[in-house]
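**Q** Letter by letter, the chains look like this.
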Amino acid sequence: MSLPIFQLRDVSFYYETVRAIDGVSLDIEAGKRVALLGANGSGKSTLLRLLDGLSFPGAGSIAFRGQPLTEEQFAGDPFAFDFHRRVGLVFQNPDVQLFNPTVFDEVAFGPLQMRWSKSEIVSRVSAVLDSMEIAHLKDRPPHRLSGGEKKRVALASVLVLDPEVLLLDEPTAALDPRSQSQIIDLLIGWGDGGKTVITATHDLGLVEDIADHCVILQSGKIAAAGNPAELLADQALLQSANLIHAHRHRHGDEIAHSHPHTHPHWHD
Amino acid sequence: MRAKLSTVHIPDGYLSPATCAALYGGAAPFWYLSLQRMKRAFNTQMVPLLSVFAAFSFIIMMFNLPLPGGTTGHAVGVGIAAIVLGPWASILGISIALIIQAVFFGDGGITAIGANCFNMAIIGSLAAYAVYRVIAGRAPIASPRRIVAAGAAGYVAINLAALAAAIEFGIQPLLYHDATGAPLYAPYPLHIAIPAMMIGHLTIAGLAEMVISAGVVAYLQKSEPSLLRRTAPGADDGNPTAGSLRRLWIAVAVLLILTPLGILAAGSAWGEWAPEDFSSPAARTQIAAASGSQSPPAEAPRGLRALSSFWTAPMPRYAPPFLKSPAFGYVLSGMAGTGLILLVMVFAGFLMGGRAG
Amino acid sequence: MTGYIERTIASLIRASERAAIAEQVAFSAGALQRVDPRVKVAGLFALIVVVAASRRLRVIAALFVVAAILAAASNVRMRRLAGWVWSPVLIFTGAIALPAIFLTPGRAIGYAITEQGLRAAAFLIGRAETASTLSALLVLTTPWPWVLKALRIFRCPMIVVAILGMTYRYIFVILQTALEMFEARESRTVGILPPSERRRLASSAAGVLLSKSVQMSGEVHLAMRSRGFRGEIHLLQDFRARTADWYWLAGFGLAAAASIWWGR
Chain A
1 MSLPIFQLRD VSFYYETVRA IDGVSLDIEA GKRVALLGAN GSGKSTLLRL
51 LDGLSFPGAG SIAFRGQPLT EEQFAGDPFA FDFHRRVGLV FQNPDVQLFN
101 PTVFDEVAFG PLQMRWSKSE IVSRVSAVLD SMEIAHLKDR PPHRLSGGEK
151 KRVALASVLV LDPEVLLLDE PTAALDPRSQ SQIIDLLIGW GDGGKTVITA
201 THDLGLVEDI ADHCVILQSG KIAAAGNPAE LLADQALLQS ANLIHAHRHR
251 HGDEIAHSHP HTHPHWHD
Chain B
1 MRAKLSTVHI PDGYLSPATC AALYGGAAPF WYLSLQRMKR AFNTQMVPLL
51 SVFAAFSFII MMFNLPLPGG TTGHAVGVGI AAIVLGPWAS ILGISIALII
101 QAVFFGDGGI TAIGANCFNM AIIGSLAAYA VYRVIAGRAP IASPRRIVAA
151 GAAGYVAINL AALAAAIEFG IQPLLYHDAT GAPLYAPYPL HIAIPAMMIG
201 HLTIAGLAEM VISAGVVAYL QKSEPSLLRR TAPGADDGNP TAGSLRRLWI
251 AVAVLLILTP LGILAAGSAW GEWAPEDFSS PAARTQIAAA SGSQSPPAEA
301 PRGLRALSSF WTAPMPRYAP PFLKSPAFGY VLSGMAGTGL ILLVMVFAGF
351 LMGGRAG
Chain C
1 MTGYIERTIA SLIRASERAA IAEQVAFSAG ALQRVDPRVK VAGLFALIVV
51 VAASRRLRVI AALFVVAAIL AAASNVRMRR LAGWVWSPVL IFTGAIALPA
101 IFLTPGRAIG YAITEQGLRA AAFLIGRAET ASTLSALLVL TTPWPWVLKA
151 LRIFRCPMIV VAILGMTYRY IFVILQTALE MFEARESRTV GILPPSERRR
201 LASSAAGVLL SKSVQMSGEV HLAMRSRGFR GEIHLLQDFR ARTADWYWLA
251 GFGLAAAASI WWGR
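Same order as they appear, the protein sequences are chains A, B and C.
Just so it is clear: in the first sequence, position 163 is 163 by this note's numbering, and no numbers are missing.
Just so it is clear: in the second sequence, position 56 is 56 by this note's numbering, and no numbers are missing.
Just so it is clear: in the third sequence, position 174 is 174 by this note's numbering, and no numbers are missing.
In case anyone wonders, no lab produced these hints; they're calculated from the structure.
All figures in this text were calculated on a predicted structure; none of them were measured in a lab.
It cannot be assumed that every hint is accurate.
Distance condition first, Cα-Cα at most 25 Å in a straight line; then the derived DSS-like pairs of lysine-lysine [unchecked claim]:
# : chain 1 : residue 1 : chain 2 : residue 2
1 : B       : 222       : C       : 212
2 : A       : 138       : A       : 118
3 : C       : 212       : B       : 39
4 : A       : 32        : A       : 195
5 : A       : 221       : A       : 32
Generate coordinates for the entire structure from the input sequences, incorporating the hints supplied.
**A** In structure tokens:
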């Protein structure tokens, strides 16, 4: 059995006095698609940042392909460049990720920082823009893009580096249905590519399509981990993790009652 | 392009190319120094922090602020910048905002970028920081004293910036004429330029800066005090004392506002007589009137005659020689004097290592 | 009374619209739009300096005409220039120049107006109008990111170019946040507020914006590091000067030289 691509041992992380991540131990196999489920505040985003080497644990250890992720390791350029090329993070808020004046500059940012040659950058960026169908936007400034377009640019800016690992923070949040479905198609498509994809989301409807493995986070701890189908069937678990809710509603003309449910999207 | 004169972004054509070049030259070392200091203090955070903060400053400059007295005005935000980020980041952040305003939005001239940055970003930031540090001292972060300090910092900063601009304008007609004697650039000499600029800033623009600086610090004290820590090293974190607040307000207000009102005092100040005054009949009448109707001696006292040649003040009679009107020379001196006093206070404060309360 | 909120909203919207229009014109077909940004930055800046330095009114007037012709050839309508540049400058600088007509010492020509006063006012207004027209031309015919990259010809440090670009980008993000905040306040404010309350509202709006801005800059920092940013800025600049650009450069140079010579 090959080495897990990420190994977390007893990881804790503190914001001031709050424990955002509390004693998390986790192995993530290479090439797997993992869904990190949890309500807002459960620690999903923090965990993704720890995995991306942007923050470092206050206690415990994280290893990527056997190499520990520590501040000292990242002090050196070669390791940092190599790691950030191999692991890409798409932030939840695209305005945070699109900080360059034009779409082309944005997608070119990563390769530029890693000192690729100019011709290589230009050809790679054009290829990625074409594949994401946003080539016509290349000279646009980010504030002239729709929500869906911004998300695609954000994805492109990470994919241009051809990473092995994709970390996605709420990829479908605040998107209109059509853009959502485009993103989901992409996520499904990566299933055969050998990429490891870790998606943090609270949208249960996504999970079965995009994940082989599921981890539920609650208050910074792992509440459960396993097969998506099994976990999603466990209503009590989902409710205690604040992933579904129970409030009164009607089915047709029946009297108002209440049972746990989510608000799904429709499949025709 | 703003039609209001609230914060003067000098357009092209008001200052000669030589003046503009000199001010670019004056600004450059500060820009360079600020870049170095910021890189050391903020490291990789410098680029995103400066960019977002400059964008914030840009937006603040568009706020129409309600002021005491019912008017509204615009602020530059230099007080906030200096207090939250420190003087170096403020110099750069405000400069960046000014450059974008000038080039992209046409608010302020291209050749005047050096001048505008020198006045508002550089003089403004340094003055705001100095005044804030001196008045705030080691007061706790949540102390009302810091609100007063912030208000004063904003007010002084903008007025010093305006004074600098006024002097830059005022010397243009002195130096640059065409063949017929017509001024080539800003056409008003110092004795018109200074009061014209200062009136609007001592009242509206200064108040706008004071309101926003004090207001934002008050807001941050309650909601995000960590943002005030950078410029409050050694702040006592005991209980804030409200006692000295009013006295401090009064002292600062007196210092700043009454200075120009000294013009109202007719004649010369008591005791500040030159030896010649004793021979001039008009002056003798004034001295008598101010001394409870006692006649002054027929001749200047021996000691006064002996010592008066010993020291000639840099600005005799409180007016630089090239100013035509003594009254406005007085104002100029008052502002400069205030600035100098504050600078001395800063140094004294640093030398003594600061004292609590 | 929410007059100040309305005026703030109006300023914010005006800025946003101005940027949108500039982008639109910059990407349309026109003479200057096709020119290499570096040539435009250098050439228009040179002309602005000449306008600032000239001692002859006729040179300034001639350069104004040149600017107007370039604008017409570059899909910039005169009405747009009049609204953006010519009227505001006339109002602002005109008001400042007006007293000079009476106050400047010199040869009187009736009604306390002096010849020198008229000339001084003409210089001030003429310079301000011409220089503003030239700089508006730059911004209306060149997308902002290219203007910035072209600044490198003045040896502007790369980090400054990067910061200018990012600032421009985030102006729109913060503008949007500010607009939403003020629109919400306007709809909630009923009746007349006491002045101290109005001031407090304005300051807290600024404070909220500041907090959000600082927080956002932290996130942006993470996003930059996540893609390999280590502190050094690298820019991709793909400007290639074609033959036509060299002609334009020569044209700008000739105009500047002619103006200096004529104005001797």
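**Q** Decide if the proposed pair is consistent with the structure: residue 138 (chain A) and residue 118 (chain A), CA atoms, cutoff 25 Å inclusive.
**A** Holds: residue 138 (chain A) and residue 118 (chain A) sit about 17 Å apart, inside 25 Å.
**Q** Below or equal to 25 Å on CA atoms is what counts here, so check residue 212 (chain C) against residue 39 (chain B).
**A** Status holds; Cα separation ~23 Å.
**Q** When you check the alpha-carbon spacing of residue 221 (chain A) and residue 32 (chain A), does it fall within 25 Å?
**A** Roughly 21 Å between the alpha carbons, so the hint for residue 221 (chain A) and residue 32 (chain A) holds.
**Q** Residue 32 (chain A) and residue 195 (chain A) were given as a pair; does the straight-line alpha-carbon distance stay at or below 25 Å?
**A** holds, 7 Å
**Q** Holds or violated: are the alpha carbons of residue 222 (chain B) and residue 212 (chain C) at most 25 Å from each other?
**A** Judged against 25 Å, a Cα distance of about 15 Å means the pair holds.
This entry satisfies every hint, going by the numbered hints stated previously.
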